[in-house]
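Protein sequence lines, in the order shown, are assigned to chains A and B.
The numbers in this note's numbering rise by one with no breaks, and the one at position 69 of the first sequence is 69.
The numbers in this note's numbering rise by one with no breaks, and the one at position 115 of the second sequence is 471.
In case anyone wonders, no lab produced these hints; they're calculated from the structure.
Hints may contain errors.
As the list claims (entries may be wrong) - Derived Cβ-Cβ restraints for the label pairs, each shown as a range:
hint, chain 1, residue 1, chain 2, residue 2, range
1, B, Arg565, A, Lys152, 42 to 52 angstroms
2, A, Asp225, B, Leu610, 38 to 48 angstroms
3, A, Arg38, B, His635, 37 to 47 angstroms
4, B, Arg565, A, Glu259, 49 to 59 angstroms
5, B, Asp395, A, Glu42, 36 to 46 angstroms
Note that the structure is a prediction, hence the values are computed from the model and not measured.
Each residue gets a CB set at the ideal place from its N, CA and C atoms; glycine is no exception.
There are 2 protein chains.
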Amino acid sequence: MHKKLFIPGPVEVKPDVLQKMATPMIGHRTKSASKLQRDISEKMMKLFYTENQVMLSTTSGSGLMEAAIRSCTGKRAAVFAVGAFGKRWYDMAVANNVPADLFEVEWGNPTTPEQVDEVLATGKYDVVTVTHNETSTGIMNPVAEIGEVIKKYPDVVFCVDTVSSAAGAKIEVDKWGIDVCITSTQKALALPPGLAICTISDKALEAARKVENRGFYLDLVRLYDYIQKKDHQYPSTPSISHMYALDYQLDKILEEGLENRFARHEEMAKYVRAWANKHFELFPVEEHASNTLTNVRNTRNISVADLNKQLGLRGFTISNGYGKLKEKTFRIAHMGETTLPEIKELLENIEDILGL
Amino acid sequence: MHKKLFIPGPVEVKPDVLQKMATPMIGHRTKSASKLQRDISEKMMKLFYTENQVMLSTTSGSGLMEAAIRSCTGKRAAVFAVGAFGKRWYDMAVANNVPADLFEVEWGNPTTPEQVDEVLATGKYDVVTVTHNETSTGIMNPVAEIGEVIKKYPDVVFCVDTVSSAAGAKIEVDKWGIDVCITSTQKALALPPGLAICTISDKALEAARKVENRGFYLDLVRLYDYIQKKDHQYPSTPSISHMYALDYQLDKILEEGLENRFARHEEMAKYVRAWANKHFELFPVEEHASNTLTNVRNTRNISVADLNKQLGLRGFTISNGYGKLKEKTFRIAHMGETTLPEIKELLENIEDILGL
Chain A
1 MHKKLFIPGP
11 VEVKPDVLQK
21 MATPMIGHRT
31 KSASKLQRDI
41 SEKMMKLFYT
51 ENQVMLSTTS
61 GSGLMEAAIR
71 SCTGKRAAVF
81 AVGAFGKRWY
91 DMAVANNVPA
101 DLFEVEWGNP
111 TTPEQVDEVL
121 ATGKYDVVTV
131 THNETSTGIM
141 NPVAEIGEVI
151 KKYPDVVFCV
161 DTVSSAAGAK
171 IEVDKWGIDV
181 CITSTQKALA
191 LPPGLAICTI
201 SDKALEAARK
211 VENRGFYLDL
221 VRLYDYIQKK
231 DHQYPSTPSI
241 SHMYALDYQL
251 DKILEEGLEN
261 RFARHEEMAK
271 YVRAWANKHF
281 ELFPVEEHAS
291 NTLTNVRNTR
301 NISVADLNKQ
311 LGLRGFTISN
321 GYGKLKEKTF
331 RIAHMGETTL
341 PEIKELLENI
351 EDILGL
Chain B
357 MHKKLFIPGP
367 VEVKPDVLQK
377 MATPMIGHRT
387 KSASKLQRDI
397 SEKMMKLFYT
407 ENQVMLSTTS
417 GSGLMEAAIR
427 SCTGKRAAVF
437 AVGAFGKRWY
447 DMAVANNVPA
457 DLFEVEWGNP
467 TTPEQVDEVL
477 ATGKYDVVTV
487 THNETSTGIM
497 NPVAEIGEVI
507 KKYPDVVFCV
517 DTVSSAAGAK
527 IEVDKWGIDV
537 CITSTQKALA
547 LPPGLAICTI
557 SDKALEAARK
567 VENRGFYLDL
577 VRLYDYIQKK
587 DHQYPSTPSI
597 SHMYALDYQL
607 DKILEEGLEN
617 RFARHEEMAK
627 YVRAWANKHF
637 ELFPVEEHAS
647 NTLTNVRNTR
657 NISVADLNKQ
667 LGLRGFTISN
677 GYGKLKEKTF
687 RIAHMGETTL
697 PEIKELLENI
707 EDILGL
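Just chain A, same shape as in the assembly (with noise of 0.2 angstroms):
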């Protein structure tokens, strides 16, 4: 029986957008490779609210989120962490002898925006790094409003994970002020893994120009470069599999409208949000939870893992708390094409196994 996925990716991929997946294969040097790379680029700018040129690597979101770090500092990087996901920039940094300092805060609180001034301030930083949502912890970071802050830096390159909010939640790269916007496809875009996306603007990219060693495969000088010279080819063989199904997809979900689309996301999360509140906690600060996934303190001491069993034998999966979490929360994730019928459906059964 296939299980019903309310996890954080890989999400349900709808059967036509599956069936695009297997789209027979054309020449990656050839003039439909050239349309069908521009037509993603142009939907994904819609998306993204922005006039930055839109890459896609072959990799999954880490691939471009250690490519950003890598290719754009300079001097020093200022990663502001809000759980696991946060930190991993910091780690990739270590991993790639790239000056870097990490901005903890305990897990369930966001990054704010006075943290991030305070830390600009100091002069010794030239790319932030921020998640938007954090799917460890639940919290969707204000990252409108700590772009407000960084644009009194005008030599900060700001660079944002949205892996897990992009098409659930309004993402306004150019207004906002996000100089490299990161997601991947098997979150709110609604499509398995395999293909990252990012926008980068001409300040990021200036910026990476003067950086040396920012190797291959995830130089995004490089990936840049080589799409404006050959008209929106890639240097290696890209996913075309991928790329048919984010064409197909971002059709659909231009279709149903982004604004309708981001308040479908919001009136999901604000039903879990209330359901977890009667029954149980909710594990992040509410005035910063997140509109795609939300994460439940396990107040009643429940066997997390018996009630992912219980629920896999009704077709359903939800995650466990991630790392130190695990058993002491629960998340549920509601992006991508879920509908609000199928998250109460998904309450009531757990109702059901819980005896609440």
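Position chain B relative to chain A; hints supplied.
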């Protein structure tokens, strides 16, 4: 109209294999994911005649080539290049500040065991990179013989790019002493692009553990340790669609029989070489001509672009010469699921178009 691909990747993918790309998603941290990835590893071990660990990377083959040269070079890498893809290893080393020297031959010639021996005798190198099958020139290097020479130097890690030969020619990883053997899905494996595969020996792994600054996403040690710890799961979300298709296609390949498959490739290669010798000339020296791709010298001074346009109208695509060989050669791939009757049909159409 779909154009049948006779280019050195992407290649034609059979409809039933393409259909596996549309398999519904599962979580990548599940027992089902571990089993899928373990099954792939066991089948790839047969294909590569090895007991070494198999690792997957959601990148193109270039991603793992960079991973290998960066992760394994502690002292200095000797890069042997017989064309554009061989030289790419060198560009990757330079882009990562990895000490390396480039040893090139005139295009159309192989790397010889004697050349490798002479270079290694200097004692300057701890990594050797060789391209098994160079699609820019049509050379298949004598990797078995090169491997024999390298066995004289027990501290040297032998990295081989088998991107365009694996599953189309016999590659005996253990017998030939290959420490890191790299391939990707979109060539003779006859799958869509988007996933790379390598084997890694204990020697390569031990060497890599001593190397600092290996990066994150492309760090072979990190990949290896994660696989061991988490039963064949991967640090980042992998391309599950490609894994389903690869697992299925490996069954089909093993069902065909490896020796049968290699013989089929050899038969097609001999036929195309005889045809090339009759109507044109071979570009590479014949005793080292590739069994998966034939590079034909354009001795008749035809317009290769026009020929390909005419072929396109009939539902076929071949490749122009690569880089500096554009219009000076043309390339016919005979790899993956392509059969001799299909090759004959292609060549008859070329003869018809050119009035041969």
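Numbered hints the structure breaks, given as an ascending list: none
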